[in-house]
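Fit chain V to the supplied structure of chain H, relying on the hints for placement.
Chains as they are written, first to last, in this note's numbering: chain H, 1133 to 1283; chain V, 1122 to 1286.
These aren't lab readings, by the way, just hints derived from the structure by calculation.
Since this is a predicted model, take the numbers as computed values, not measurements.
Ideal placement from N, C-alpha and C gives every residue a C-beta, glycine not left out.
There may be inaccurate statements among the hints.
Restraint-style ranges between C-beta atoms, simulated for each label pair [unchecked claim]: (1) 1245(H) x 1255(V): 27 to 35 Å; (2) 1263(H) x 1172(V): 23 to 31 Å; (3) 1269(V) x 1263(H): 52 to 60 Å; (4) 1189(V) x 1235(H): 34 to 42 Å.
Now the stretches of chain V that chain H is said to cover, found in silico as 3 or more residues with beta-carbon under 8 Å [unchecked claim]: (5) 1196 to 1210; (6) 1243 to 1251; (7) 1254 to 1264.
One-sided excerpt, in silico: chain V residues whose CB lies under 10 Å from chain H [what the hints assert, rightly or not]: (8) 1151; (9) 1154; (10) 1155; (11) 1281; (12) 1285.
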Amino acid sequence: MEWFRRFPAAIRTAAGACILAAALGCATGTAFAACEFRAGSTTGSIAFPLLDPVTAPNVTAAIQLNVRCQPQAEFAIAQWTWTSANGGTSTGRLAGGTPAYAPGIAYSVGIAVVNQGPNGTLTLTLQIAGPNYVNASAGSYSDVLTLMVTP
Amino acid sequence: MSMRIFKNILVGALALLGFLAGGAFAQVGPTATITVNATVNATCRFQTITGIMTIANSGGVIDPALGTNATGSIDLTYRCTTGTLPGFDIEGSTTFADPKIATVTLTGAGNLDAQITVAGSGAGTGMGGAGDKTATVSALITAANIDSAAVGAYSKNVLITIQAQ
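Just chain H, with the same shape it has in the complex (with noise of 0.2 Å):
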């Protein structure tokens, strides 16, 4: 080991970092949780069109997400969970309004999953049905899902 002292103390650093890298590389390969979102996909927002209590009209608004599962195309999107910050894990709520508006604007929530492997796509879709926000209060509304994907 004797070459390796010749290098200067930031060479031998890096050197270490990546050796190490290497063998977290072999060792997250084999322990890495089936599924998961992928880089961008943790996180997202999704804005409904304006809601018009005259017409009342159903309102849908979707996100897409990536999701990857490895092994690569032995693993499909098996389960997912979501909860809603207002509501709960069935139904959504949206809370705001001026004044506060205590019921909350309930909408529902479908996921659709499309491939496999490393290419997964979950879709998330919520609609707002027009008797749930007919008598709301004018303003903005918000919540905040959180989902989950298994195994």
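Below, chain V without anything else, positioned relative to chain H:
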């Protein structure tokens, strides 16, 4: 491997772990957080869109001999988004208010000025069936105007508009 080399590797490893914990692993994971936004439009609408108001001071007519004002009123139903105040406009003045007062001229046997007032019953309680509110439209023709009016019928179609304030 000497202690010095081992230290170099250890420092590099710690730096790498710090990088991974601080950034690389934070961008992927089994959980995604989605912010959901919506905006409810503030709006008002008349539910009653036509009506006939009679202005009189005696039994459905205007009697100049009484020397009193002639009045009339009619109720219109409106709805507004919950918490939204209505504003009214008369004859396209583009200035909305509650109450709104304007003078219009009835025509027929001659011209007869009347003061029209539109007053709502408060902020909306929703556009659903339980959200009906009342806008009272009232009219006043002063006795002074009646004194000089010619005998005959007078009328005027008055356009009243509502919008959210």
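Tested hints:
At about 53 Å, the CB distance of residue 1245(H) to residue 1255(V) disagrees with the hint of 27 to 35 Å. The hinted range of 23 to 31 Å is satisfied by residue 1263(H) and residue 1172(V), whose Cβ atoms lie roughly 29 Å apart. Separation of residue 1269(V) from residue 1263(H) is about 56 Å and conforms to the stated range, judged on CB atoms against 52 to 60 Å. Between residue 1189(V) and residue 1235(H) the CB atoms are about 51 Å apart, so this pair departs from the stated range of 34 to 42 Å.
Coverage of a stretch by a chain is defined here by at least three residues with a beta carbon nearer than 8 Å to that chain's beta carbons; for the segment 1196 to 1210 of chain V and chain H the count is 4, and the condition holds. Only residues whose C-beta sits within less than 8 Å of a C-beta in chain H count toward coverage, and the segment 1243 to 1251 of chain V has 5 of them, enough to reach three; the restraint holds. With a cut-off of 8 Å between beta carbons, the segment 1254 to 1264 of chain V has 0 residues touching chain H; three or more are needed, and the interface restraint is violated. Hint on residue 1151(V) holds. Least Cβ distance to chain H is approximately 5 Å, under the 10 Å limit.
Annotation: residue 1154(V) was flagged as interfacial toward chain H, and the flag holds, the nearest CB pair being 5 Å apart, inside 10 Å. Look at residue 1155(V): its Cβ gets to within about 4 Å of chain H, closer than 10 Å, so that hint holds up. For the restraint placing residue 1281(V) at the interface with chain H, the shortest Cβ-Cβ distance is roughly 18 Å, beyond the 10 Å limit, so the hint is violated. Satisfaction of the interface hint for residue 1285(V) is found here, the shortest Cβ-Cβ separation to chain H being roughly 7 Å, below the 10 Å cut-off.
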